[in-house]
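Here the structure of chain A is known, so what remains is to put chain B in place on it, guided by the hints.
Line by line, the protein sequences give chains A and B. For what it's worth, this note's numbering labels the leading residue of the first sequence as 2, then goes sequentially. For what it's worth, this note's numbering labels the leading residue of the second sequence as 24, then goes sequentially.
Simulated from the structure, these hints should not be mistaken for lab results.
Here are the simulated DSS-like pairs of lysine-lysine, each with C-alpha atoms no more than 27 Å apart in a straight line:
(1) 138(B) with 61(B)
(2) 84(A) with 97(A)
(3) 92(B) with 43(B)
(4) 61(B) with 121(A)
(5) 138(B) with 92(B)
(6) 84(A) with 138(B)
(7) 61(B) with 92(B)
(8) 97(A) with 65(B)
(9) 97(A) with 121(A)
(10) 61(B) with 72(B)
(11) 138(B) with 121(A)
(12) 65(A) with 84(A)
(13) 72(B) with 121(A)
(14) 97(A) with 138(B)
(15) 65(A) with 121(A)
(16) 92(B) with 57(B)
(17) 92(B) with 65(B)
(18) 43(B) with 72(B)
(19) 97(A) with 64(A)
(20) 121(A) with 92(B)
(21) 84(A) with 64(A)
Listed below are the residues making up each chain.
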Amino acid sequence: MGRTPDKRQIFCTRCDTPLEVSCNARSTLCPGCHQNVRTEDEELNTYCARREFFTEGTVTVGKKGVLIAEVRVQTLIVQGEVKGSVRARHSIHVTKTGRVFGDIRTPVFVMESGAQLIGKCEFGPGLAPRAVDPCAARA
Amino acid sequence: MADASKPEFTTILASDCSFKGEMTFEGTMKVDGKFEGKITTKGKLGVGKGAHLCAEAIVGQASIEGAFKGNVVASERIELAASASVMADLRAPKLVVAEGATFVGNVHVSPDALKGVEKSEFVVPIPATPLKK
Chain A
2 MGRTPDKRQI FCTRCDTPLE VSCNARSTLC PGCHQNVRTE DEELNTYCAR REFFTEGTVT
62 VGKKGVLIAE VRVQTLIVQG EVKGSVRARH SIHVTKTGRV FGDIRTPVFV MESGAQLIGK
122 CEFGPGLAPR AVDPCAARA
Chain B
24 MADASKPEFT TILASDCSFK GEMTFEGTMK VDGKFEGKIT TKGKLGVGKG AHLCAEAIVG
84 QASIEGAFKG NVVASERIEL AASASVMADL RAPKLVVAEG ATFVGNVHVS PDALKGVEKS
144 EFVVPIPATP LKK
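Here chain A stands alone, though its shape is the one from the complex (with noise of 0.2 Å):
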């Protein structure tokens, strides 16, 4: 008897609509907006220029890596530089090595010294995401 995948819950990064999705999903389409919503987790080692970068899943910005794009995420790790909102869902780290311009917004924040961040900040325990009504979402 075949094993049904593990699931997980993520929002869309456009309209935050709640989905379920298999945990080797790549891609889903939200229900909500009709929009594609890529789940997968990414690496960026070298320059990256892009009207938005929306994924719900973990995305490591490299020592050598440059991302510029309005960021939608969730979970970040800057070790390059960011250049951009950034709107994550889960957490932004932002290492000794990490650079980020622009304004920023998540439940968990963290940053080591040595880290640069100029930009408008908010974070902390009371923007972690909320569920919505997806049927609300679609009106």
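Chain B only, in chain A's frame:
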């Protein structure tokens, strides 16, 4: 490791104290009570877990564990502990944030963070006048 015989803070504003006004000190000070006003020092300011500060602080170092509202300009570093709850604008060359801290405000943390700040805002030590014989 910290020397047990030497206290970390030379001055302590205890939890039952409430202070309103302008404060200047040389060494280190910990606020466990309530403070409203301006703090100027080249030394270290500690904000205890139960403390409530509404202040404009120009300091050497700041270590915040309690509630802080206002502005902090540090010439060396600012540390936000997990229990810290801060609504302020921060400016310092170094910032350390522990997991669990709450913060709302503008942050400018870079090696040249203090370039835009007027030097007069910092306490300039008065040169000692030589004794006349």
